[in-house]
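**Student:** With the hints as extra help, turn the sequences into a complete structure.
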Amino acid sequence: MKKIAVVSDSFKGSISSGEICAIVAEEAGRFFPACEVIGLPVADGGEGTVDSFLECLDGEKITLSVSGPYFETIYAFYGKFGETAIIEMAAAAGLPLVGDEKDPLRTTTYGVGELMRHALEHGAKKIIVGLGGSATNDGGCGAAAAMGTRFFDKAGNEFIPVGGTLSKIAKIDNAETKRLLEGVAVIAMCDIDNPMHGLRGAAHIFAPQKGADEAMVEKLDRELVALDRAIVQSLGLEVASLPGAGAAGAMGAGVVAFFGAQLQPGIETVLDTVRFEERVQGADFVITGEGKLDSQSLRGKVVIGVARRAKAAGIPVVAVVGDVGDDIDEAYQQGVSAVFSTNHLAIPFSEAKKRSVKDYRLTIENLFRLLNTTQK
179 MKKIAVVSDS FKGSISSGEI CAIVAEEAGR FFPACEVIGL PVADGGEGTV DSFLECLDGE
239 KITLSVSGPY FETIYAFYGK FGETAIIEMA AAAGLPLVGD EKDPLRTTTY GVGELMRHAL
299 EHGAKKIIVG LGGSATNDGG CGAAAAMGTR FFDKAGNEFI PVGGTLSKIA KIDNAETKRL
359 LEGVAVIAMC DIDNPMHGLR GAAHIFAPQK GADEAMVEKL DRELVALDRA IVQSLGLEVA
419 SLPGAGAAGA MGAGVVAFFG AQLQPGIETV LDTVRFEERV QGADFVITGE GKLDSQSLRG
479 KVVIGVARRA KAAGIPVVAV VGDVGDDIDE AYQQGVSAVF STNHLAIPFS EAKKRSVKDY
539 RLTIENLFRL LNTTQK
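If you read the sequence shown in our numbering, its first letter stands for residue 179, the second for the next number, and so on.
Derived by calculation from the structure, the hints in this document are not laboratory data. Errors might be hidden in some of the hints.
Restricting the straight-line Cα-Cα distance to at most 20 Å, the calculated cross-link-like pairs of lysine to aspartate or glutamate (EDC-like) are [unchecked claim]:
hint : residue 1 : residue 2
1    : LYS180    : GLU354
2    : LYS356    : ASP371
3    : LYS532    : GLU197
4    : LYS181    : GLU225
5    : LYS479    : ASP507
6    : LYS397    : GLU233
7    : LYS536    : GLU204
8    : LYS479    : ASP229
9    : LYS303    : GLU225
10   : LYS536    : GLU508
11   : LYS304    : GLU336
12   : LYS181    : GLU197
13   : LYS181    : ASP462
14   : LYS489    : GLU455
15   : LYS346    : GLU360
16   : LYS190    : ASP236
17   : LYS349    : ASP371
18   : LYS470    : GLU508
19   : LYS356    : GLU279
20   : LYS280    : ASP229
Keep in mind the model is a prediction, meaning the values are calculated, not measured.
**Tutor:** Put into structure tokens, the structure is as follows:
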């Protein structure tokens with residue numbers, strides 16, 4: 179065994195991508211002392227995305243004061259990698275920031291736009307925004323306002339829309355935003371295909387976890403319909419039906435409408451950015467994984483994204499995951515060679531997560547014992 183590449187997502191709430199890479203490197207050192215282990219921790223755009231990139235690439239974490247979900251002053255961050263800036267929208271507009279005070283009618287993405295603007299003012303020519311973990315439902319209007327887009331009501335008064343005031347928008351002027359982004363590429367990491375509004379849209383599917391009751395969900399959806407109409411009328415763009423438009427409180431729609439962004443699966447963005455093909459070249463196999471491998475994974479999350487790329491490069495893939503669903507046959511067609519679960523005992527997740535590091539190590543140890551036997 180000469181080279182192993184580890185490209186795994188975290189197991190949410192139990193073990194980080196960095197820990198996974200470290201465990202594989204330690205166990206490989208026991209069984210294959212001369213083996214090179216390439217660790218590429220990855221994340222899907224939510225919390226931990228910037229830190230994952232910082233473990234893979236040379237860069238720095240920039241911390242600054244911005245507006246939080248309720249326009250309060252907070253400290254947030256982004257990653258700077260040369261002329262590329264990587265932003266987790268959750269850093270300025272995430273659910274953990276609101277605690278028990280959840281109200282998507284009032285929360286804003288304004289701080290996300292402030293992070294973007296700071297990155298631009300400090301030389302960014304490419305901005306990657308991770309859409310995930312938001313406490314908002316403002317369609318990205320707050321972020322757009324911080325980036326220079328102006329919103330006016332029927333009386334001609336300028337204001338910053340939030341989830342409950344989108345229907346007040348009578349006119350949108352985003353000339354300043356276009357000027358700021360001239361020559362800049364914006365990519366949004368998005369792993370869902372929900373539309374902007376409707377029964378599968380941002381409000382109906384995701385607002386309840388942000389504190390919305392049934393009546394609020396209906397109002398939020400109507401507000402997004404109104405924003406959709408305003409975008410069509412003022413900007414001449416139809417974004418509501420784009421796959422992923424409903425991501426992060428419809429910020430998926432907003433980043434396209436206001437920033438000209440490209441919506442792209444998170445894992446594809448990650449693999450492009452860390453130069454996956456170049457760094458795994460010559461590997462005997464790739465170890466990947468995520469908390470649960472199921473039908474949702476087959477839509478393009480970490481395991482399948484890695485498997486497709488590795489298959490094209492002719493490299494076998496082993497998926498080490500927490501749980502395994504019954505409907506994963508397609509994973510093998512996409513390039514996964516074998517799947518192993520780390521669950522050694524039939525116990526609830528609340529108990530299993532306490533021993534997740536131990537169980538992951540045991541699984542890797544047994545995998546390497548098998549591989550070591552076959553090489554003798």
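**Student:** If a hint holds in the structure, say so; if it doesn't, say that too.
**Tutor:** Now the hints, each set against the structure:
{"no.": "1", "hint": "LYS180 <-> GLU354", "verdict": "violated (53 Å)"}
{"no.": "2", "hint": "LYS356 <-> ASP371", "verdict": "violated (26 Å)"}
{"no.": "3", "hint": "LYS532 <-> GLU197", "verdict": "holds (14 Å)"}
{"no.": "4", "hint": "LYS181 <-> GLU225", "verdict": "violated (30 Å)"}
{"no.": "5", "hint": "LYS479 <-> ASP507", "verdict": "holds (15 Å)"}
{"no.": "6", "hint": "LYS397 <-> GLU233", "verdict": "violated (42 Å)"}
{"no.": "7", "hint": "LYS536 <-> GLU204", "verdict": "holds (13 Å)"}
{"no.": "8", "hint": "LYS479 <-> ASP229", "verdict": "holds (19 Å)"}
{"no.": "9", "hint": "LYS303 <-> GLU225", "verdict": "violated (23 Å)"}
{"no.": "10", "hint": "LYS536 <-> GLU508", "verdict": "violated (29 Å)"}
{"no.": "11", "hint": "LYS304 <-> GLU336", "verdict": "violated (29 Å)"}
{"no.": "12", "hint": "LYS181 <-> GLU197", "verdict": "holds (19 Å)"}
{"no.": "13", "hint": "LYS181 <-> ASP462", "verdict": "holds (6 Å)"}
{"no.": "14", "hint": "LYS489 <-> GLU455", "verdict": "holds (11 Å)"}
{"no.": "15", "hint": "LYS346 <-> GLU360", "verdict": "violated (29 Å)"}
{"no.": "16", "hint": "LYS190 <-> ASP236", "verdict": "violated (25 Å)"}
{"no.": "17", "hint": "LYS349 <-> ASP371", "verdict": "violated (28 Å)"}
{"no.": "18", "hint": "LYS470 <-> GLU508", "verdict": "holds (15 Å)"}
{"no.": "19", "hint": "LYS356 <-> GLU279", "verdict": "violated (34 Å)"}
{"no.": "20", "hint": "LYS280 <-> ASP229", "verdict": "violated (26 Å)"}
Checked against the numbered hints above, the structure breaks hints 1, 2, 4, 6, 9, 10, 11, 15, 16, 17, 19 and 20 and satisfies the rest.
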